[in-house]
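Participant: 153 is the number of the first residue of the sequence shown in this note's numbering; add one for each residue after it.
To be clear, the hints were calculated from the coordinates, so they are not data collected in a lab.
Since this is a predicted model, take the numbers as computed values, not measurements.
Fair warning: there could be bad hints in the mix.
[As the list claims (entries may be wrong)] In the BS3-like style, the derived pairs of lysine-lysine whose C-alpha atoms are separated by at most 30 Å in a straight line are:
(1) Lys211 - Lys225
(2) Lys269 - Lys202
(3) Lys269 - Lys256
(4) Lys202 - Lys256
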Amino acid sequence: MRFLITALLVLSPFAAFAQGAFQCDTIISNGLREYRIDSTSTSYLTSTFKQYCQETGEKKNDSGGIGLDFVVKQIPVKFTGTYSSSSEAMTNFCKTYSNSTDYKNSTYSYSDTIVSKAYDTYAQCVQLASLGLSVSHDFITEERTQVLLRAGVARPIEIVGVDTSSNVKCYGPNNQGKSVQYSVGTKLSSANTISVFCSREGRRDANGITTYEEGSVAFGITGYKYNFFWPRSARLPEDLASKVETSLNELRTNIAALAAREAIAVEATTEAAANGAVGGTSAIDLTASCPSGQLMTGIRMHLGGTCHRQCDPDGRPVSTFAAICAPTKLSH
153 MRFLITALLV LSPFAAFAQG AFQCDTIISN GLREYRIDST STSYLTSTFK
203 QYCQETGEKK NDSGGIGLDF VVKQIPVKFT GTYSSSSEAM TNFCKTYSNS
253 TDYKNSTYSY SDTIVSKAYD TYAQCVQLAS LGLSVSHDFI TEERTQVLLR
303 AGVARPIEIV GVDTSSNVKC YGPNNQGKSV QYSVGTKLSS ANTISVFCSR
353 EGRRDANGIT TYEEGSVAFG ITGYKYNFFW PRSARLPEDL ASKVETSLNE
403 LRTNIAALAA REAIAVEATT EAAANGAVGG TSAIDLTASC PSGQLMTGIR
453 MHLGGTCHRQ CDPDGRPVST FAAICAPTKL SH
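Modelling step: build the complete structure from the supplied sequences, incorporating the hints.
Facilitator: Pasting the structure below:
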């Protein structure tokens, strides 16, 4: 029995780390999807390269740490190739992506900032998990987010200050269980969990569109830290959002109808003669144009003469020509 208890005490921190690290994965997998950033996009891959690779295409010496398994699983296999370890996969990615057209043609965008900050938060989250603590946060709306800090095995979670950007306020329980606004002077300790709720101020314009500027929240935690970046976003009012959706649906319908009009039906043809006759002792340029609204469907040429038998080896020269034209109708 004593051996069993000892084994459980030894294994529990590892189990806690695995659970905590798994929760960190959602910062990348779910968090980026909130901002429509896919793991196959140039912004994601370029930010991954900058985080784990050198400009020369070599893997950074410190990029083989905890949490790398999840990172390499998000990279398309065409960049990692076959590998026996996460470190080897990242080495392959660094070399392959540095030579790719995507990397060479990539341009910086706000999405790069979002991905880069998400990686910073992910690294901090994994580091906390390695210390026996865990954290997760959920962007509930553009305005609100929740952060849940969990204590570890025989290790309380201790907050020693919460710093926010001017447009963000965070609230939670104090040591007496009363809800208060957190600040850089906040000091909290719990053997279980600390739940923090943060809200962000928005700016509403004359059209009813609410814009939320980027914000940040930084937790001082005994032994480490945890910071996260709140990307800029906007929220449409329901009536405007409905109008936008209606317009998009109409646009999709029109595009589908246009795509269906691929075949061109030709009606009765007419003939547009050239504005002169070909012939004489020197070459001249002549034009035959179809009437407005008609397309050329063919050409008629009259061949005549043999240039006093000088053209016998080449055949008869063009005597006259005309464009054959027809009105068109788009078929559905």
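Participant: So, for every hint listed, does it hold in this structure?
Facilitator: Hint check results:
Of the pairs offered as hints, the one joining lysine 211 and lysine 225 holds, with about 16 Å between alpha carbons and a cut-off of 30 Å not exceeded. Distance check on the hinted pair: lysine 269 and lysine 202 sit about 12 Å apart at the alpha-carbon level, within 30 Å; holds. Pair hint lysine 269 plus lysine 256 holds up; C-alpha atoms about 22 Å apart against a cutoff of 30 Å. Straight-line distance between C-alpha atoms of lysine 202 and lysine 256 comes to about 13 Å, which keeps the hinted pair within the 30 Å bound.
Of the numbered hints given earlier, the model fails none.
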